[in-house]
Amino acid sequence: MYVNIGSMNLSKPIVSCCSPLLTGRLTPEEATQLAAIFRVLSESVRLQMLSLIAAQPNREVCACELVEPLGLSQPTVSHHLKIMHENGLLERERRGTWIYYRLVPEKLAMLRDCLT
13 MYVNIGSMNL
23 SKPIVSCCSP
33 LLTGRLTPEE
43 ATQLAAIFRV
53 LSESVRLQML
63 SLIAAQPNRE
73 VCACELVEPL
83 GLSQPTVSHH
93 LKIMHENGLL
103 ERERRGTWIY
113 YRLVPEKLAM
123 LRDCLT
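Residues in the sequence shown are numbered consecutively from 13, following our numbering.
Worth flagging that the hints you see were computed from the coordinates, not collected in a lab.
Keep in mind that a hint or two might mislead.
[Unchecked claim] Simulated restraints on C-beta separations:
hint : residue 1 : residue 2 : range
1    : Thr44     : Glu80     : 32 to 40 Å
2    : Thr128    : Arg104    : 22 to 30 Å
3    : Thr39     : Gln68     : 30 to 38 Å
4    : Pro81     : Leu53     : 13 to 21 Å
5    : Ala43     : Thr109    : 33 to 41 Å
6    : Pro81     : Ala43     : 32 to 40 Å
7    : Glu98     : Asn70     : 18 to 26 Å
The structure presented is a predicted model; accordingly, all values stated were derived computationally and were not measured.
For every residue, glycine included, the Cβ atom is placed at its ideal position computed from N, Cα and C.
With the hints as constraints, model all of the structure from the sequences given.
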């Protein structure tokens, strides 16, 4: 079928089927920060850790509590938690000999806003 578009009014905006990912452009600083966070979360075990911590009622967990569910050694769990802490995804608090890790809500909100 042939349609003559010469007679169509094309001044109306074309409506996209999908909404844009971001409502505004990222600044270079925001892009750098998000890239670092996504790099950290590109490791599947770290995504699992984030999920396990988020599933806790108070959104915090002792490092020792992640060993069994993840099937990893204590040093490996501590290594991944340290990387997530250094990149601002987790806060940590020492309680005696144990270290408890807690999600940083602002970082998660930033990721959520970027992906929705």
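So, going through the hints one by one against the coordinates:
no. : hint                           : in the structure
1   : Thr44 with Glu80: 32 to 40 Å   : 36 Å, holds
2   : Thr128 with Arg104: 22 to 30 Å : 28 Å, holds
3   : Thr39 with Gln68: 30 to 38 Å   : 33 Å, holds
4   : Pro81 with Leu53: 13 to 21 Å   : 18 Å, holds
5   : Ala43 with Thr109: 33 to 41 Å  : 40 Å, holds
6   : Pro81 with Ala43: 32 to 40 Å   : 33 Å, holds
7   : Glu98 with Asn70: 18 to 26 Å   : 22 Å, holds
Figure legend: structure checked against the earlier numbered hints; every hint is met.
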